[in-house]
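S.K.: Each protein sequence line maps, in turn, to chains A and B.
Residues in the first sequence are numbered consecutively from 1, following this note's numbering.
Residues in the second sequence are numbered consecutively from 1, following this note's numbering.
Some hints could be false.
Here are the computed lysine to aspartate or glutamate pairs in the EDC-like style, where the Cα-Cα straight-line distance is at most 16 Å [what the hints assert, rightly or not]:
no.: 1; chain 1: A; residue 1: Lys116; chain 2: B; residue 2: Asp156
no.: 2; chain 1: B; residue 1: Lys169; chain 2: A; residue 2: Asp164
no.: 3; chain 1: A; residue 1: Lys87; chain 2: A; residue 2: Glu109
no.: 4; chain 1: B; residue 1: Lys154; chain 2: A; residue 2: Glu109
no.: 5; chain 1: B; residue 1: Lys169; chain 2: A; residue 2: Glu151
no.: 6; chain 1: B; residue 1: Lys112; chain 2: A; residue 2: Glu169
no.: 7; chain 1: B; residue 1: Lys169; chain 2: A; residue 2: Asp21
no.: 8; chain 1: A; residue 1: Lys90; chain 2: B; residue 2: Glu359
no.: 9; chain 1: B; residue 1: Lys48; chain 2: B; residue 2: Glu93
no.: 10; chain 1: A; residue 1: Lys133; chain 2: B; residue 2: Glu133
To be clear, the hints were calculated from the coordinates, so they are not data collected in a lab.
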Amino acid sequence: MKPASTFSFDLNKEWQLISQDAWLKALLFWLPIALAFILWAIFSVGIARNLAIGVVDLDNSVMSRGLTRHYDASPSLLVTKHFSSVKQAKIAFRNGSIYGLVIIPFELEKNTVLGKSPQVTVFYNSQYILIGKLINAAVVQAHGTYIAKIETFKYLVNTHGQVDQAIGEALPISSQVTPLFNSNNHYGQFLVSAAIPAVWQILIIATVVLAFGAYQRGSTRGNELLAMNGRNMLVKLIPYVVIFWLQGMLFNSVFYGVMNWPMHGSWLLLVFAQLLFVIACVSVATLFFFITFDVTRAMSLVAGFAAPAFAFMGVTFPTSDMPWLAHFWRNLLPSSHYIEIQVQQVNYGVALVYSSGHYLVLIVFMSCFYFSILLINKRKSALLRQSKNTDALTAIGVNNDMD
Amino acid sequence: MTWTKLFKSELNAILTNIPLMVTVFAGVIFYSFLYPLPYSQQTPQQQKIAVINLDQSQLSRTLERMVDATPQIKITEQVRNINAAKFLVIRGEIQGFLLIPHNFYRDLLLEKSPHLTLTGNASYFLVYGTIIEGLARSIGTLSAQVKVTRMVVKGDNIVLAASQYAPIKLNMKPTFNASVGYLNYVVPAVFVLILHQTLLIAMGLLTAGQFENKIKNSPENEKVLKNSYWLQYPVWKIVLVRTLLMLAIYLFLSFYYFGYSFESYGISRLATIPDLLSLMFPFLLSVIFLGMTLGLLIPRKELVTLIVILSSLPLVFSAGFIWPTSNIPLAINVVAQFFPSTSAITGFLRLNQMGDSIESLVHIRQQLWLLTILYAMLTMLLMSNKQQKVTAVK
């Protein structure tokens, strides 16, 4: 063997390739950070505030204005418009300039005092589900407090000023809601921590496909790929695994370290899962490239496979309510297994045994390397058998020499 | 050098470009089944919870039955303390729990307002919301019953008492997506993005594939030059023919999405076809030109797919249907306006889901036409440059 085949030579060669390719450099070094920053920035407010609602006050009494003020005082809501007619209000509601529409009926105050229980109707835009749900919750809460105030005041007369008892009458059962594991209800932490692995998966797979493609661009270099054996391939991929793994650590330290997002689990287990995730993605990418042996077609596979991964993670919509086919597809994606481990570590801090299944699946993804080698050998022998073309033979001969 | 010949060459270039065809036909159809798949049940239901009943009175068991009867919740476990319940949450066996305190019934009789604790796994927002909604609803019902009973005991008429349990009633009406279904929420918006992204990839692949290589001066390359119709025709003709062909294909695919797909998923289609078209034209045209611009800017065609798939999540999240635009930083909102998807998603949602009139979409249509003009000009400029550069060596 010539010194040309040493480990450090191969590594150095790959490094040369990366440093000459502006796109590979971007994908490995600054693009992931830029994308993560954009995703974080979109949700940087964390808890949606001041969602625009409109009010049609047909009563215009002290009580109806008090009710409106209570809605407006909720941090989630902002009364941006007052309409004199329902017709006008509907236009604003349909064109999305307000997310909610409160209609206070005529003689609200009079009917309340007479004990006739008037009804306030609130339309909220549930086409935008998250926004709609926030408005619903905020209105129900604001309304509840206002009613409790009125009622307590009313009962205070009956109970001769006993405040506790008056509250007890106004609110027969009180309840306290406790969110487990994401105690500040921060939507940014919730969504961004899942969106980043989804984008990261695309980045890893696409970068490795491009890195293989880079070999094909030169005149004879396509054959170099076919001359690869398992060892060559692994050495070639080491820089990508290491750099992407470092990115994972960077995300961890920025989000859970610098920005102080709650992290309850073991750093070691999380970082280990990230290593397995990166290797799983790299091996899937290798398989995609050698199935097609064409960078553009491999990239189409990447698009079909990894682009919708976020929907299947089970973070926005629970896996328990997905049909079996969705479960099947979900299980083919490394990101679905990684996110389970991430949630289990970051939110629950469980021991390794509880997530061992997901670690195992990530390891199983490595078998894609083996299939890639099989595909390479198949292509190589097909090429040798079919063509008596001496050019092709010498090309491989030359590369074998280099090997 | 006739129009027919150009038309034929262009059609041939599209039909023989396998990655393009895969993206456009296989991709669009594959996504129309794959993307809605996780959400086919529309709303999470029967979320499993545990109950910690420290009271064990008749009334507390009634409350348990009421909770279990809601569509949102299913009680699967009875545990003795909070730690045991938390353990089950971590194991993933339940998603939340309800704690009924000691003397719940006694305190209720004494009008002391007993305190229930509801806990949900907030790692998953939708699950958490569902559990809290189900619990809050059954507690609300029980409260109302207690109030009515008290009023009747005090001698009020039962009919009156039942209608007076709350002094001002609140009627919350979810609108435009009355079932608050997740499929109705995701599909109408994401399908617009899928059309946007696949069309960008298609235009980019086609254009970049033709203009990525320089032709060096050699007798062999003379032949290549002769076969490269895109180097011989004037730029405006190529752009026009290409645009018309892709527009036709995508009008067809759009009708597949907005027609057949929406119908089969039971998603509302409030817009009339002329209204839909008047928004579709500027949308598809602006995307076609943006795609060509992209194809002319990048050095190699495979990068188109990469750039487009990486942009998907940021585009979805900044489109305003997931997270309110008023809560997104201004800089991101401004940049997002340059992508046709941002205004198109809002436009199609308003037209098709919210029943808004086409007249009130004037700004959105204007914006899409402006983007069309902007990217059309960029396409012409870049393509003329490339054409000159590629053939200059000769």
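S.K.: Tell me the numbers of any earlier hints that the structure contravenes, in ascending order.
M.R.: Of the numbered hints, 2, 3, 4 and 7 do not hold.
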